[in-house]
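Here is what each chain is made of, one letter per residue.
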Amino acid sequence: MVSIAGAGGYVPRYRIEREEIARQHGGAASGETAVAARDETPVTMAVEAAGTALARADLRGTELDAVFAASVTDPLAEHGIAAHVAYRHGAEGDVRTGDFRGSPRAATDAFAAGRHFVAATGGTALVVGADQMPVEPGHDDEPYSGAAAGAVVLDDADDAAAAVHDVAANTTGFVERHREHGEPAEAGDRRVAAEMGFGGVVPDAAERALAEAPDAPDAAVVAAPDQRTAAGAVSEIPGEVEHVSTFDRVGYAGTATFFLDLAHLLETAAGGTTAIAVAYGAGGADAVALTVRDEAPGRDEAADVTTVAEQLASAEYVTYAEHLRYRERPEYEGVTAE
Amino acid sequence: MSGIRYSRDRRQHDRLVAFECQDCGWVSYPEQRRTCKRCGAAPAEFEEVQLAERGEVQTYVVQSRLPEEFETPQPVAVVDLPQVDGEGEPARVYGLLTETDGDDLEVGREVVARYRELFTAGDRPVHSFKFAPPRAESIGTDGDGAGDRGGEGER
Numbered sequence: 001m002v003s004i005a006g007a008g009g010y011v012p013r014y015r016i017e018r019e020e021i022a023r024q025h026g027g028a029a030s031g032e033t034a035v036a037a038r039d040e041t042p043v044t045m046a047v048e049a050a051g052t053a054l055a056r057a058d059l060r061g062t063e064l065d066a067v068f069a070a071s072v073t074d075p076l077a078e079h080g081i082a083a084h085v086a087y088r089h090g091a092e093g094d095v096r097t098g099d100f101r102g103s104p105r106a107a108t109d110a111f112a113a114g115r116h117f118v119a120a121t122g123g124t125a126l127v128v129g130a131d132q133m134p135v136e137p138g139h140d141d142e143p144y145s146g147a148a149a150g151a152v153v154l155d156d157a158d159d160a161a162a163a164v165h166d167v168a169a170n171t172t173g174f175v176e177r178h179r180e181h182g183e184p185a186e187a188g189d190r191r192v193a194a195e196m197g198f199g200g201v202v203p204d205a206a207e208r209a210l211a212e213a214p215d216a217p218d219a220a221v222v223a224a225p226d227q228r229t230a231a232g233a234v235s236e237i238p239g240e241v242e243h244v245s246t247f248d249r250v251g252y253a254g255t256a257t258f259f260l261d262l263a264h265l266l267e268t269a270a271g272g273t274t275a276i277a278v279a280y281g282a283g284g285a286d287a288v289a290l291t292v293r294d295e296a297p298g299r300d301e302a303a304d305v306t307t308v309a310e311q312l313a314s315a316e317y318v319t320y321a322e323h324l325r326y327r328e329r330p331e332y333e334g335v336t337a338e
Numbered sequence: 001m002s003g004i005r006y007s008r009d010r011r012q013h014d015r016l017v018a019f020e021c022q023d024c025g026w027v028s029y030p031e032q033r034r035t036c037k038r039c040g041a042a043p044a045e046f047e048e049v050q051l052a053e054r055g056e057v058q059t060y061v062v063q064s065r066l067p068e069e070f071e072t073p074q075p076v077a078v079v080d081l082p083q084v085d086g087e088g089e090p091a092r093v094y095g096l097l098t099e100t101d102g103d104d105l106e107v108g109r110e111v112v113a114r115y116r117e118l119f120t121a122g123d124r125p126v127h128s129f130k131f132a133p134p135r136a137e138s139i140g141t142d143g144d145g146a147g148d149r150g151g152e153g154e155r
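First to last, the sequence lines map onto chains P and H. Its first residue numbered 1, the first sequence is counted upward by one per residue in the numbering used here. Its first residue numbered 1, the second sequence is counted upward by one per residue in the numbering used here.
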């Protein structure tokens, strides 16, 4: 069975209090949102999360056979993330890489690709998601557009941090929320989206993913652009399910939300917890069913890594002006392409 | 690390690979030299060594006046990075600091290497290492220290 050998999250140090944004444009908002520093990119954040996941799995990057990366905000159409993360951590040569994008569901597309790779080859795969969501001053999404990264290492060891029972897909082709490159999203009609989109597809995907699980789920991760939608999806999962989420401290971080919340769950859940992890995106949803193992090596404290909870508690608050400025790409004078 | 100009040095800038003079032990980073800057051996025999990602500030300065693309104040430091196997001399590395208050710096301070965008070549990001105090030191300094399980949002 494919397992999660280690997981790690990365939350930028800078945060903005949502009240600060509400003060500029009216309304009310609570919580805070992660803001990537000017020198942070999806690549640098992915590298951070991948380093933690590798440390937890007690693996060197040179031992990886595949690296898959998901992002919906990589500013470059051609450049990729996976190969850069792989090389940075020492994986080169006969290493399969893949970049997944175009939908927040790319998170589970990449996860599923990693799982298939491990099942087919017996190798070890690193899967990362990293995003910094764009903002437009005054847009409804501005207070919640966050930045983060998360990563998992997948292998077929029997004593790894969590056993992955199945990854189930529910593809409908229905698309409401959409977004142009560098722009905030057009959410469309939320009621229609909830009925025909999220609400309609998550329960079926979750049920099929859990078919091989030993128990009903105790906890759930649901990556969605807003917390109401995510909480609604959790409520559709049968039984008493705890919603594990970083939304109140990070905001929505695209594909990273799935991996970050999954890492937070694996770091905090009791051994034996069965969980469901869902990513929703254009055209459907995917669900991953897993069970956290007792005293798994990949959940032990690893040297020189911080937990998601510790990173949430390590914050420096920025002003509204800084929050906008940090999201602009700096133009470096005197440096030109060769 | 992408682009011809920067790819040549990508082992240094992506992996903290340095070069140790086999005559005198001096460690060059990031330059891959033919002549040893300390003992003058020419051509010198250099061997690759792996630097640790945690080192010690030897000296620093906080810059206040810089072009617009830099955030100011911008601390810069000379940091000794030991070799990861604990052998040999450390490399003396010059680097920018990120997310660091100048008041939090002092000679002898421990810093860690953070992989960041250094600048862009055209539209292409050029990544390398900057330095910052260990993230673990700031846990609970501004946040409330609580993890978020089951948090409800306002939307």
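If you're looking for bench data, these hints aren't it; they were derived computationally from the structure. One should not assume that every hint holds.
Unchecked claim - Ranges between beta-carbon positions, derived for each pair: (1) H:P43 <-> P:D294: 54 to 62 Å; (2) P:Y320 <-> H:L66: 56 to 64 Å; (3) H:E89 <-> P:E183: 49 to 57 Å; (4) H:Q22 <-> P:A119: 17 to 25 Å; (5) P:D58 <-> H:Q22: 26 to 34 Å; (6) H:C39 <-> P:D294: 42 to 50 Å; (7) P:D294 <-> H:Q50: 52 to 60 Å; (8) P:E183 <-> H:E137: 46 to 54 Å; (9) H:E106 <-> P:G283: 51 to 59 Å; (10) H:D103 <-> P:R329: 24 to 32 Å.
All C-beta atoms in this analysis are idealised placements derived from N, C-alpha and C, irrespective of residue type, glycine included.
Evaluated hints:
1. H:P43 <-> P:D294: 54 to 62 Å: holds (58 Å)
2. P:Y320 <-> H:L66: 56 to 64 Å: violated (23 Å)
3. H:E89 <-> P:E183: 49 to 57 Å: holds (51 Å)
4. H:Q22 <-> P:A119: 17 to 25 Å: Since the Cβ atoms of Q22 (chain H) and A119 (chain P) sit about 47 Å apart, the hinted range of 17 to 25 Å is violated.
5. P:D58 <-> H:Q22: 26 to 34 Å: holds (33 Å)
6. H:C39 <-> P:D294: 42 to 50 Å: Distance hint for C39 (chain H), D294 (chain P) is violated at roughly 56 Å.
7. P:D294 <-> H:Q50: 52 to 60 Å: Violated, at about 35 Å.
8. P:E183 <-> H:E137: 46 to 54 Å: violated (37 Å)
9. H:E106 <-> P:G283: 51 to 59 Å: holds (54 Å)
10. H:D103 <-> P:R329: 24 to 32 Å: holds (29 Å)
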